[in-house]
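So the protein sequences, as listed, match chains G and W.
According to the working numbering, the first sequence is numbered sequentially starting from 1.
According to the working numbering, the second sequence is numbered sequentially starting from 1001.
To be clear, the hints were calculated from the coordinates, so they are not data collected in a lab.
Hints should not be assumed to be uniformly reliable.
As the list claims (entries may be wrong) - Quick list of in silico lysine-lysine cross-link-like pairs, DSSO-like style, CA-CA up to 27 Å:
#1 W/1103 <-> W/1078
#2 G/250 <-> W/1200
#3 W/1234 <-> W/1019
#4 G/18 <-> G/250
#5 G/82 <-> G/143
#6 G/143 <-> W/1027
#7 G/61 <-> G/18
#8 W/1027 <-> G/277
#9 W/1152 <-> G/277
#10 G/89 <-> G/129
#11 G/143 <-> G/123
#12 G/82 <-> G/117
#13 W/1078 <-> W/1121
#14 W/1018 <-> G/143
#15 W/1234 <-> W/1009
#16 G/132 <-> G/89
#17 G/89 <-> G/18
#18 W/1121 <-> G/143
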Amino acid sequence: MSAVCLQLRGCTVEDARKNVLIHNVSLEIGENECVGIIGESGSGKTMTARAILGLLSQDLKLDAKEMVLDGEDLLAMNPRQKRDIIGGKIGFVPQNTVAYLHPLIRIRNQIADGYQKAGRGTKKEGEAKAEKLLAQVGIHDPKRVMNSYPGQLSGGMRQRVNIAMALMCDPRLIIADEPTTALDCIVQKQVTELFFQLHKQYNTAILMISHNLTMLKKYCDRIIVMYAGQIVEAGTTQEVFEHPRHPYTKALIEVIPRLDQDPNVPLLEIPGYVPEKDRGRSSCLFADRCPNCRPQCRKPLQINEAQAHFSRCVM
Amino acid sequence: MEDIILEGKQIVKNFALKKEVFWEKQKILQAVGGINIQLRRGQTIGIVGESGSGKSTLGEILGGLQRPTSGRVLYRGKDLAQMNREERRQYRRNIQFIFQNPKESMNPYFTIEKILTEPMKLLDENYTPDYARQKIAEILPQVGMEPDCIRKYPSELSGGQCQRIAIARALLLNPEIIVCDECVSALDVSVQAQILNLLKSLQRRYGTSYLFISHDMGVIHYMSDYVLVMVGGKIIEQGEGAAVMRHPAQAYTAQLINSSLFREDSICAAL
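Assemble the whole structure, with the sequences as input and the hints as a guide.
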């Protein structure tokens, strides 16, 4: 048994017009490890998750050097095998709880679909397991929830259903794409606590995508910072938060209003926008917005990919 | 007092719930239960609370979008319910909204120019097409938008850009009060900082008052002079912004602050 749960190397996604959406993304998630990805919208966080899950839309082209899940090479498989492996080993918790559950089908009739599809058991067994899991994710009356339509449940409840659904096949890895963004802060905390309680209980690895730095700081072992489709910094949570090396990470940490903030001092802004074009270039993508940009930033960067605390900055 | 521009007295709002069977007694949900609030010129009142606590309903009542079941809303000492047409127009002009989801608050078939012109047409007595064009050209750079975006449709803009347009729309009438209902929750952190800075600088320049509704304690702390904490339609705690945040008197407030910070002690020192 290898200690690496997911290994992704040199993953690039292009659209039909050859625009690079994410460029050369490499990440490694160990067993029982919790990794967080942060970045602005449009920085390619969700795209990375979708590339791993094989959920990219048809017109996008995925190119990767290596993609190994739990010892099995996903690149060498045909789509069908790949789907079986992914369905059984990865649980996915989406951001948009409304769009992910079928509005016209009772929870009972959709929660065990993946379970049956992965050949884990019959529908009856699936339902029994689902009820148990629903109770575990903090739903007091699983029977009622099982018989409800998604529209009858609140946002927090639906998110719990989604989490239970992701746990149905005892996944090795849970990919959670901004699982709490739509929830208010008390429910947000409950749901996050739940994730990490399950993480401890089942030894599942978690890939958590969020722009809530405070949350990732508390729960994750390692942090990956993405910007414009590239990983700009990666390291342990402590390293990234206490000694951020990339100016983008520093800015991200600065822009959030904190409770000790002096309300009379304006917040730090990151001027400009995330670049949409030419993301594959080897010079720094953040140069146009960077406060301490130097002439050498406009040239191709010489970055040592193997550093423990990775930073895509020459400073 | 002279400088109180908007006041709510004992505001109650009840909603009738749907009956399960027809002989059932009518059930009532009290969304807002007897709230008093006073907004001064140039002041920002922050309203926090979890979803369903009635913060948005309170904002909508004060902004005249809903009628209270009982209680009074006074604008410059005049009761909203007893205003004549002209006074009501003045009131409408002087109180503007910025909603949570900017795209849903715009007509997708209107160009940005039309979206921005519409309120001026209805409420601004100086309105002429040239005047509107000039005002729009003035306001767009202030909210950080290019002047040529007026020919675009809302769907062509990003969420952050749409929110800037929504702010521009609110500002075009030079309102005295802006109700910001979760206006940065849907935005990215970097855009959020820009919008908050923008709102603050506009307040300094024009003396606008804000009613700032949010569930993000960091944002509320940064924006507000005075904070109300709402649970189940009632105010459980209120006070100066910094005081409430530093030394919450109620356990619920402390819980709210802690859960938005994801830890038991304060995050401030570490982050």
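Hints, one by one, checked against the model:
| no. | hint | in the structure |
| --- | --- | --- |
| 1 | W/1103 <-> W/1078 | 34 Å, violated |
| 2 | G/250 <-> W/1200 | 23 Å, holds |
| 3 | W/1234 <-> W/1019 | 25 Å, holds |
| 4 | G/18 <-> G/250 | 31 Å, violated |
| 5 | G/82 <-> G/143 | 34 Å, violated |
| 6 | G/143 <-> W/1027 | 25 Å, holds |
| 7 | G/61 <-> G/18 | 9 Å, holds |
| 8 | W/1027 <-> G/277 | 56 Å, violated |
| 9 | W/1152 <-> G/277 | 21 Å, holds |
| 10 | G/89 <-> G/129 | 17 Å, holds |
| 11 | G/143 <-> G/123 | 15 Å, holds |
| 12 | G/82 <-> G/117 | 13 Å, holds |
| 13 | W/1078 <-> W/1121 | 25 Å, holds |
| 14 | W/1018 <-> G/143 | 23 Å, holds |
| 15 | W/1234 <-> W/1009 | 13 Å, holds |
| 16 | G/132 <-> G/89 | 20 Å, holds |
| 17 | G/89 <-> G/18 | 31 Å, violated |
| 18 | W/1121 <-> G/143 | 55 Å, violated |
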